[in-house]
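Engineer: Below are the chains, spelled out letter by letter.
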Amino acid sequence: MGALLTLDRLNVFYGAIHALRDVSLTVNAGEVVTLIGANGAGKSTTLRAITGLLTPASGRMVFDGEDIAGVAAHKLVARGLSMSPEGRGVFANLTVRENLEMGAYLVRDRAAIAAGLERSFTLFPRLKERSKQRAGTLSGGEQQMLAMARALMSAPRLLLLDEPSLGLAPLVCQTIFDTIDSIKAAGTTVLLVEQNANAALKHSDRGYVLETGGVILEGASAELATHPRVREAYLGEGG
Amino acid sequence: MRATQKLAWTAATLVVLLGLNQIFEHGFGDFQINPYYARVIELIGINITLAVSLNLINGVAGQFSIGHAGFMAVGGYVGTYLTVYYGAAVTGWFGVGVTDAVGGSIAMVVSLIGGAIAAGVAGLAVGIPSLRLKGDYLAIVTLGFGEIIRVIILNIPSVGGATGFTDAIPITNFFWIFAMAILTIVIVRNLTASTFGRALATIRDDEVAAEAIGIGTTWHKVMAFAVSAALAGVAGALSGQLFANPLNPQNLNFVKSIEVIIMIVLGGVGSITGAVLGATTLTILPEVLRGFDQEFPGLRMVMYALLLILMMIFRPQGLLGRREFGWHWLRWPNRSRIPVALTEAGDTKAHTPAPPGDPRSALGEGDEEGDSRG
Ligand SMILES: Nc1ncnc2c1ncn2[C@@H]1O[C@H](COP(=O)(O)OP(=O)(O)O)[C@@H](O)[C@H]1O
Ligand SMILES: [Mg+2]
Numbered sequence: 001m002g003a004l005l006t007l008d009r010l011n012v013f014y015g016a017i018h019a020l021r022d023v024s025l026t027v028n029a030g031e032v033v034t035l036i037g038a039n040g041a042g043k044s045t046t047l048r049a050i051t052g053l054l055t056p057a058s059g060r061m062v063f064d065g066e067d068i069a070g071v072a073a074h075k076l077v078a079r080g081l082s083m084s085p086e087g088r089g090v091f092a093n094l095t096v097r098e099n100l101e102m103g104a105y106l107v108r109d110r111a112a113i114a115a116g117l118e119r120s121f122t123l124f125p126r127l128k129e130r131s132k133q134r135a136g137t138l139s140g141g142e143q144q145m146l147a148m149a150r151a152l153m154s155a156p157r158l159l160l161l162d163e164p165s166l167g168l169a170p171l172v173c174q175t176i177f178d179t180i181d182s183i184k185a186a187g188t189t190v191l192l193v194e195q196n197a198n199a200a201l202k203h204s205d206r207g208y209v210l211e212t213g214g215v216i217l218e219g220a221s222a223e224l225a226t227h228p229r230v231r232e233a234y235l236g237e238g239g
Numbered sequence: 001m002r003a004t005q006k007l008a009w010t011a012a013t014l015v016v017l018l019g020l021n022q023i024f025e026h027g028f029g030d031f032q033i034n035p036y037y038a039r040v041i042e043l044i045g046i047n048i049t050l051a052v053s054l055n056l057i058n059g060v061a062g063q064f065s066i067g068h069a070g071f072m073a074v075g076g077y078v079g080t081y082l083t084v085y086y087g088a089a090v091t092g093w094f095g096v097g098v099t100d101a102v103g104g105s106i107a108m109v110v111s112l113i114g115g116a117i118a119a120g121v122a123g124l125a126v127g128i129p130s131l132r133l134k135g136d137y138l139a140i141v142t143l144g145f146g147e148i149i150r151v152i153i154l155n156i157p158s159v160g161g162a163t164g165f166t167d168a169i170p171i172t173n174f175f176w177i178f179a180m181a182i183l184t185i186v187i188v189r190n191l192t193a194s195t196f197g198r199a200l201a202t203i204r205d206d207e208v209a210a211e212a213i214g215i216g217t218t219w220h221k222v223m224a225f226a227v228s229a230a231l232a233g234v235a236g237a238l239s240g241q242l243f244a245n246p247l248n249p250q251n252l253n254f255v256k257s258i259e260v261i262i263m264i265v266l267g268g269v270g271s272i273t274g275a276v277l278g279a280t281t282l283t284i285l286p287e288v289l290r291g292f293d294q295e296f297p298g299l300r301m302v303m304y305a306l307l308l309i310l311m312m313i314f315r316p317q318g319l320l321g322r323r324e325f326g327w328h329w330l331r332w333p334n335r336s337r338i339p340v341a342l343t344e345a346g347d348t349k350a351h352t353p354a355p356p357g358d359p360r361s362a363l364g365e366g367d368e369e370g371d372s373r374g
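Chains A and B supply the protein sequences, listed in that same order. Its first residue numbered 1, the first sequence is counted upward by one per residue in the working numbering. Its first residue numbered 1, the second sequence is counted upward by one per residue in the working numbering.
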């Protein structure tokens, strides 16, 4: 399987703050890859750079064989890249259904939109029950489901998820991670950003560990989960 | 609506407006409208155009502009200038004078189109650089723009400078004021109900997420802003050519912009009928309070301010909130298609201070859509 997304020595600054230092990573087609790290490590910054919301100072980003540096965020969706942003970003004043329909903003084929809605409701039956409710009135878990379903509405080849489990109850977290398994099974590649290293490593094929803007470890998720450094720093176990 | 139905509605509206215009301008039998009331009604119409158009950018798209008076000034001065300096020439081609009924209408059309284009272009010039950025740049830039326009006008002698554009020819009448108010409502309503409007709503709610689903946020914001500015220009052209009401740079400063903002805030930000209600209320209110001034000079403005403060305390979401007033308000309550209990109960824990109710459900199409697909 070939690389779907490659980041090569990416550097990003916020003014004088050097937020990403030579970050390189690869996501192969069909994989779930996780990017774990503490708060402030640079995980969201990485996703913002990939989706064109930030312009990197240097480095290369290649998606599906094409250089995507400098491509505007909204144009990447048409190329098959979709993100569920940090903090969910549901459209509070639109209904659940309207949120999903807007996720298919670039899809012109009505049948494809209908199929997308059907897929969303199969993946998250809860959203079907809530379809006419304003998104701002949903619970945190439901908003996360909506954000993921909305990102899938454009039928992306690569789905970027920014901390989907943040602030959710354990049971809801489990639902979210199980859904990531289903999304993978349906053939969508996923780059999963998480602080919840334990669950993220369980539900992914490979992982990268980010610390203060740099990748310090990478490898198969099963191996990372047993790595002393990871166990100590992220799985809450003393060395 | 089918095309024939639309045509019928348009024709009926025009006939009614022309009939009312006849009574308004020339009386009916012995009846002559009190000129003071006539002026208040004219100002209501112009303020509706201003408020509904500002609502497109401030309410629907959620971008804060404080420069509506500036665009009104651009459209007003350009529109009035066209009539004063070219009106006679243009109407001359048709063999009529500017002050004739027909000639006045021809000059008005030229003036409205010219004013709208000028203000729309100014909107693009202000919007493109400031709306590319996320954040409150628009507020600062529009504020500055309004003041710059004012100073420029003060220094152009051919439009009257500080004295105001007193050469204006009074071709504005009831028909044009309300035809433009209705046109503005139709334009803003159709834009809001379209995919374009839905995209604006996503930008208002979360701009980054809107980008993430493929919406070109800059393009949408700039287009909405230019349309809003062009319609403010229309209001300016109408206002400048009212009888004995010359445009004056002193009256088109940022206080006028704030006044329009208060109208939409009072009515309910994002609601078109709210903007109409807000414009009407805030045009009449100072007039009603005028009576107090005779006994206690200055009390009027105190009362005005007090009413606004009370309003913000007891109904911060505006009179209508995000909802639209419509026929469905008269319907039997249990036939409501929105699960009222659900939305209202849910609203207490909503993150946004927006009031209950789906803004589109009142727009007819929202209802149909929800029904047929749900
Ligand atoms: N808009 C911003 N301006 C300045 N610094 C920022 C901004 N966003 C993030 N940072 C900084 O960049 C670093 C990485 O942030 P971020 O990518 O959000 O971390 P994570 O998502 O891993 O928690 C942090 O030190 C953070 O303070
Ligand atoms: Mg983050």
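Take the hints with a grain of salt, since some may be wrong.
As the list claims (entries may be wrong) - Derived Cβ-Cβ restraints for the label pairs, each shown as a range:
hint, chain 1, residue 1, chain 2, residue 2, range
1, A, Ser139, B, Ile140, 16 to 26 Å
2, B, Ala125, A, Gln174, 47 to 57 Å
3, B, Glu287, A, Ser139, 44 to 54 Å
4, A, Gln174, B, Ala8, 31 to 41 Å
Keep in mind that the hints were calculated from the coordinates and are not lab data. Beta carbons are placed, not taken as given, at the ideal position from N, Cα and C, and that holds for glycine.
Engineer: Would you mind marking each hint as holding or not holding in the structure?
Structural biologist: Going through the hints against the structure:
1. Ser139/A to Ile140/B: 16 to 26 Å: violated (38 Å)
2. Ala125/B to Gln174/A: 47 to 57 Å: Given range 47 to 57 Å: holds, Cβ gap about 54 Å.
3. Glu287/B to Ser139/A: 44 to 54 Å: holds (49 Å)
4. Gln174/A to Ala8/B: 31 to 41 Å: Violated: the Cβ-Cβ distance is about 59 Å, outside 31 to 41 Å.
Going through the hint list in order, the structure does not satisfy hints 1 and 4.
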